[in-house]
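Asker: Sequence:
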Amino acid sequence: MDWARWAVFGLMATGALTAAMIVAQMAGLTRMDLPLLLGTMVTPDPDRARVLGFFLHLAAGQCFALGYAAAFALLGASSWWAGALLGALHASVALTVVLPLLPGAHPRMATARSGPSTRAVLEPPGLLGLNYGIQTPVVTAVAHVLYGAVLGLLLGPQ
1 MDWARWAVFG LMATGALTAA MIVAQMAGLT RMDLPLLLGT MVTPDPDRAR
51 VLGFFLHLAA GQCFALGYAA AFALLGASSW WAGALLGALH ASVALTVVLP
101 LLPGAHPRMA TARSGPSTRA VLEPPGLLGL NYGIQTPVVT AVAHVLYGAV
151 LGLLLGPQ
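With the working numbering, the residue at position 90 of the sequence shown is 90, and numbering never jumps.
Source of the hints: derived by calculation from the structure; they are not laboratory data. Treat the hints with caution; some may be incorrect.
Listed next, with one range per pair, are the computed distances between beta-carbon atoms [claimed, not checked]:
hint : residue 1 : residue 2 : range
1    : A59       : L127      : 24 to 32 Å
2    : L130      : G156      : 19 to 27 Å
3    : P107      : G156      : 34 to 42 Å
4    : A73       : A105      : 28 to 36 Å
A quick note: this is a predicted structure, and the numbers were derived from the prediction, not measured. Note that CB positions come from ideal geometry on N, CA and C, so glycine has one too.
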């Protein structure tokens, strides 16, 4: 595997995903703020949380890019559509498994069972992230399909 390509293209794909999610949030399509969600796991200050969360998201994107690269290596080929399919799978797991479990691991998020506490500053995303807006699942899926397509295209044959 070409480690330099993985590092550069992983950052590019994560940048595209992050930009798509931020643009969608600014356009009012979703209230989900990934840097804030991630950053408030480590600090209660929302301004610092966004900065830390941005870098945590970049690091997570690199880890996932490594997984995509491994999948392409196992398949023996990559293409934009194979990456897009992996991105759709990635989004479906994030929306149906990760987001609903997040309140159990996030120290500053309310839960559906116990409700808000004095420490909770975020509402739980709920299944498919629907608590952050009806268009959140679509925005998340499109952003992750874009992420996979970028990786599939760029990590293709040299």
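Asker: Now tell me, hint by hint, if it's right for this structure.
Answerer: Cross-check of the supplied hints:
no.: 1; hint: A59 with L127: 24 to 32 Å; verdict: holds, 26 Å
no.: 2; hint: L130 with G156: 19 to 27 Å; verdict: violated, 35 Å
no.: 3; hint: P107 with G156: 34 to 42 Å; verdict: holds, 41 Å
no.: 4; hint: A73 with A105: 28 to 36 Å; verdict: holds, 31 Å
Going through the hint list in order, the structure does not satisfy hint 2, though it satisfies all others.
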